[in-house]
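Novice: For the protein sequence lines, the chains are A and B, in the order given.
Read in the working numbering, the first sequence has 68 at position 68, and its numbers run on one by one without any break.
Read in the working numbering, the second sequence has 206 at position 206, and its numbers run on one by one without any break.
Take these hints with a grain of salt, some might be off.
Stated by the list, open to error - Among the chain B residues that face chain A by a calculated CB cut under 10 Å, a handful are:
(1) GLY41
(2) TYR65
(3) MET117
(4) ARG140
Said to hold, decoys possible - Simulated pairs of lysine to aspartate or glutamate, DMTMM-like, Cα-Cα distance not exceeding 25 Å:
(5) A:LYS57 to B:GLU312
(6) B:LYS353 to B:ASP377
(7) A:LYS120 to B:GLU142
(8) B:LYS438 to B:GLU201
(9) B:LYS202 to B:ASP27
(10) A:LYS120 to B:ASP27
Just so you know, the hints here were simulated from the structure itself, not pulled from any lab data.
For each residue, glycine too, the CB sits at the ideal point set by N, CA and C.
There are 2 protein chains.
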Amino acid sequence: MAKDLTSRAEDYSRWYNEVVQQAELADYAPVRGCMVIRPYGFALWENVKAALDRRFKATGHVNAYFPLFIPMDFMEREAEHVEGFSPELAVVTHGGGKELEEPLAVRPTSETVIGHMYAKWIQSYRDLPVLINQWANVVRWEMRPRLFLRTTEFLWQEGHTAHATREEAEREVMRMLDVYAEFAETEAAVPVIKGRKSASEKFAGAGASYTIEAMMGDGRALQSGTSHDLGQNFARAFDITFQDADGELQHCWTTSWGISTRFVGAVVMVHGDDQGLILPPKLAPTQVVIVPIWRDDDERAEVMGVVSGLKEELRTIRVEVDDREQHTPGFKFNEWELRGVPLRIEVGPRDVKNRQAVLARRDVPGREGKSAVALADVPGAVPRMLDEIQESLYRRAVAFREERTARPTSREELDKAVARGFAWAWWCGSAECEGRVKEDTSATIRCIPFEQPGGEGECIVCGGPAEEQAVFARAY
Amino acid sequence: MAKDLTSRAEDYSRWYNEVVQQAELADYAPVRGCMVIRPYGFALWENVKAALDRRFKATGHVNAYFPLFIPMDFMEREAEHVEGFSPELAVVTHGGGKELEEPLAVRPTSETVIGHMYAKWIQSYRDLPVLINQWANVVRWEMRPRLFLRTTEFLWQEGHTAHATREEAEREVMRMLDVYAEFAETEAAVPVIKGRKSASEKFAGAGASYTIEAMMGDGRALQSGTSHDLGQNFARAFDITFQDADGELQHCWTTSWGISTRFVGAVVMVHGDDQGLILPPKLAPTQVVIVPIWRDDDERAEVMGVVSGLKEELRTIRVEVDDREQHTPGFKFNEWELRGVPLRIEVGPRDVKNRQAVLARRDVPGREGKSAVALADVPGAVPRMLDEIQESLYRRAVAFREERTARPTSREELDKAVARGFAWAWWCGSAECEGRVKEDTSATIRCIPFEQPGGEGECIVCGGPAEEQAVFARAY
Chain A
1 MAKDLTSRAE DYSRWYNEVV QQAELADYAP VRGCMVIRPY GFALWENVKA
51 ALDRRFKATG HVNAYFPLFI PMDFMEREAE HVEGFSPELA VVTHGGGKEL
101 EEPLAVRPTS ETVIGHMYAK WIQSYRDLPV LINQWANVVR WEMRPRLFLR
151 TTEFLWQEGH TAHATREEAE REVMRMLDVY AEFAETEAAV PVIKGRKSAS
201 EKFAGAGASY TIEAMMGDGR ALQSGTSHDL GQNFARAFDI TFQDADGELQ
251 HCWTTSWGIS TRFVGAVVMV HGDDQGLILP PKLAPTQVVI VPIWRDDDER
301 AEVMGVVSGL KEELRTIRVE VDDREQHTPG FKFNEWELRG VPLRIEVGPR
351 DVKNRQAVLA RRDVPGREGK SAVALADVPG AVPRMLDEIQ ESLYRRAVAF
401 REERTARPTS REELDKAVAR GFAWAWWCGS AECEGRVKED TSATIRCIPF
451 EQPGGEGECI VCGGPAEEQA VFARAY
Chain B
1 MAKDLTSRAE DYSRWYNEVV QQAELADYAP VRGCMVIRPY GFALWENVKA
51 ALDRRFKATG HVNAYFPLFI PMDFMEREAE HVEGFSPELA VVTHGGGKEL
101 EEPLAVRPTS ETVIGHMYAK WIQSYRDLPV LINQWANVVR WEMRPRLFLR
151 TTEFLWQEGH TAHATREEAE REVMRMLDVY AEFAETEAAV PVIKGRKSAS
201 EKFAGAGASY TIEAMMGDGR ALQSGTSHDL GQNFARAFDI TFQDADGELQ
251 HCWTTSWGIS TRFVGAVVMV HGDDQGLILP PKLAPTQVVI VPIWRDDDER
301 AEVMGVVSGL KEELRTIRVE VDDREQHTPG FKFNEWELRG VPLRIEVGPR
351 DVKNRQAVLA RRDVPGREGK SAVALADVPG AVPRMLDEIQ ESLYRRAVAF
401 REERTARPTS REELDKAVAR GFAWAWWCGS AECEGRVKED TSATIRCIPF
451 EQPGGEGECI VCGGPAEEQA VFARAY
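I would like the entire structure built from these sequences, with the hints used as guidance.
Specialist: Okay, structure coming up:
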């Protein structure tokens with residue numbers, strides 16, 4: 001534990017890999033590109049899941065489970081879809097000791113197989129809308145794997161809905177994007193920009209894709225959730241039709257939307273510092289760690305008496321007591337800092353005598369983040385302090401993003417801006433201009449943000465007329 | 001809905017398939033052997049999951065996630081394991097558009113890949129025990145698929161633990177078997193027999209396997225959960241070692257245990273009747289359905305006023321109000337019976353006048369199960385009645401099992417007994433005698449039950465000396 005952690009300034013990418021592994025969030029699996037999500041990382045993911053699942057159910061969605069294997073010809077029915085996904089497919093060719101007549105794709109996403117089932121289930125307008133979500137593993141072959149960020153297998157949720165009208169489907173797409181943004185900001189303290197994807201970045205087979213984009217601690221962007229308006233593309237490819245109130249047969253309008261274990265990577269990179277993780281209290285598997293301090297058995301008994309009482313009083317909070325004998329308090333402090341526990345409570349013999357405990361905030365290092373609190377006040381102070389930490393992490397992330405966001409008016413300024421963060425700039429809408437920036441700087445259009453300055457401008461690349469600004473950034 | 005359901009007496013197997021599909025628990029997927037778990041079936045599975053997960057966490061286990069793909073050579077390291085599983089494997093031979101150098105197995109179970117990771121993580125006795133569970137999908141190629149009971153892909157949990165001593169591992173194996181039995185009986189109202197598997201039925205690679213066996217509505221057995229003592233077999237194959245307190249290097253003792261979506265099939269078959277499902281209240285996605293009855297708008301307003309009040313008062317219960325306009329009350333009654341909702345509340349204009357509601361128990365058909373309850377008493381009566389239904393389902397299942405259980409003392413009696421249920425009989429322990437019964441009757445030894453009559457007897461097959469009784473039955 002608490003091995004030497006590379007600093008972010010020295011090598012951000014190495015810092016990320018080390019912190020993920022040393023904090024025991026995840027580890028590399030023996031199959032290239034795959035990862036193991038360790039108990040601490042999985043507990044974090046379980047909290048992400050619970051927070052999202054609650055929101056999905058509150059907005060009328062239900063969960064179901066569709067198969068892992070998809071017949072290869074399903075993938076081919078939607079032209080853009082197969083073009084986008086076939087380079088990434090894992091293919092099962094043998095089953096039960098025999099070669100299969102038709103090979104099976106391991107799902108990279110489930111629009112096709114779910115479309116097939118919806119065609120079977122939906123008959124009438126009375127069956128609509130269908131609002132289903134699934135929690136599942138998916139596989140997309142990955143040549144440059146990074147823990148959580150890009151792995152051949154990952155976990156996610158994929159919502160798939162079918163509607164009677166275009167307008168209703170569009171409302172669903174926006175509603176789920178709003179759910180994602182609200183979740184990211186409220187639960188994970190991760191500020192996001194909502195917007196539309198450019199044609200070159202949209203989901204293979206979608207009419208339009210929408211995204212929430214977050215800025216990581218090195219100024220790069222991470223696409224943190226997407227919501228797709230599939231129009232009638234998949235309904236046509238899979239014959240998802242319904243009889244409307246007038247008895248006419250119509251194609252459904254469908255949507256899909258997803259957030260994956262990638263989001264854990266965002267939490268790590270938005271909040272972490274050179275000491276390790278800093279987890280937002282609402283998602284932290286352990287919100288408070290109590291470290292008792294003693295030198296002999298008498299002190300131990302005295303201190304543990306107080307600690308047990310505290311733990312009991314804090315029972316609505318996720319508290320752990322670290323009473324391991326083989327480690328020093330200093331070792332424990334480092335370890336819990338590395339693991340990003342938002343609040344630490346220290347109780348030593350002197351604290352017992354003074355009827356107090358020392359509370360140390362993970363987000364404010366050193367003395368400044370420490371305060372002595374009377375024992376009787378601890379149960380009230382802890383939830384209040386956790387709220388403050390949650391708030392402060394969010395504010396800090398917003399401030400960091402603002403500081404790294406530029407509004408360039410020339411190509412030169414744009415190129416400089418994307419080297420350190422986000423650049424909002426006028427864009428004429430052409431794939432050529434988008435491509436030129438990517439070629440020169442490796443930055444892409446993360447989204448055309450909903451929030452626009454208004455008016456018109458000149459494209460930052462070609463100088464042509466532009467009606468919208470785009471957010472350019474290098475991305476994970 | 002409520003299409004003609006085949007009766008159980010007419011064709012049990014067809015009844016099962018119809019009820020699972022008509023009640024919308026599951027449907028066949030476009031890939032042979034795979035299924036889709038529909039929202040109603042998945043909600044039931046979510047309740048199973050929650051009830052088990054709570055118990056796993058209460059007994060000190062944590063969740064994690066290991067990869068879907070396993071290198072083929074991992075499977076081969078434990079001789080019995082590869083022999084048992086290779087005929088069932090699905091194999092990925094292509095990824096990212098290329099043929100793989102080494103093919104990958106889609107996990108049929110995860111002892112091997114988890115063993116590999118444990119070898120990496122475990123160094124010292126201080127790292128033990130490791131108590132990890134994972135919720136995952138697994139694939140075992142299935143030639144004769146049945147929804148929930150045998151599908152190529154299924155969902156399950158698999159616990160994998162590592163211990164410093166044989167005794168501790170053995171205690172873990174028994175503890176989890178007890179957790180399974182208590183879960184099955186308390187939550188699902190499914191009575192089970194705990195016992196040891198015979199050598200021919202044990203998990204491929206285990207030292208000993210333990211099981212909970214339940215009797216289905218046709219007298220057949222369903223293995224409903226298993227707990228395996230893996231000894232040091234996998235620790236040797238994957239080099240899972242630790243330094244003990246004396247500095248000596250030792251192999252760990254490992255266990256694994258699992259319950260799958262198969263269990264949903266048990267719930268269907270133990271409780272269902274000719275009208276459809278009967279779900280145990282503790283697991284039912286909808287515990288109470290309120291069906292309002294009206295003829296015109298005035299009555300509708302009046303009735304719905306009462307119904308809304310009831311729903312609000314029953315908010316700690318999972319209640320649904322079926323106020324669809326296009327269906328008659330009779331249609332709705334049938335549909336909710338098919339779906340097995342434990343308790344129905346009917347409210348019509350006359351009930352409003354009399355300040356009462358009619359409560360109808362799903363487990364007691366017709367008049368006998370109906371009672372008029374004063375509106376003010378409904379909030380108290382509902383949870384009490386749900387408890388009674390839970391209890392009564394359990395008692396009924398126990399009585400059914402007893403009635404179908406025989407204690408034969410001759411081969412002739414045994415053969416007759418297994419045609420209709422369970423047979424407890426002395427067994428000498430030889431694979432020959434076990435095999436002869438299987439060949440003649442297709443019944444297998446479901447387990448050697450922990451509960452033994454004591455003493456000794458003569459083997460029901462060969463007449464040789466026998467120290468234990470076995471439970472023989474035909475099985476799913």
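Novice: So, for every hint listed, does it hold in this structure?
Specialist: Here is what the structure says about each hint:
1. GLY41: 8 Å, holds
2. TYR65: 4 Å, holds
3. MET117: Since the shortest Cβ distance to chain A is 6 Å, the answer is holds.
4. ARG140: 9 Å, holds
5. A:LYS57 to B:GLU312: 18 Å, holds
6. B:LYS353 to B:ASP377: 16 Å, holds
7. A:LYS120 to B:GLU142: 24 Å, holds
8. B:LYS438 to B:GLU201: Judged against 25 Å, a Cα distance of about 12 Å means the pair holds.
9. B:LYS202 to B:ASP27: Not satisfied, since the Cα-Cα distance of roughly 31 Å exceeds 25 Å.
10. A:LYS120 to B:ASP27: Holds: LYS120 of chain A and ASP27 of chain B sit about 10 Å apart, inside 25 Å.
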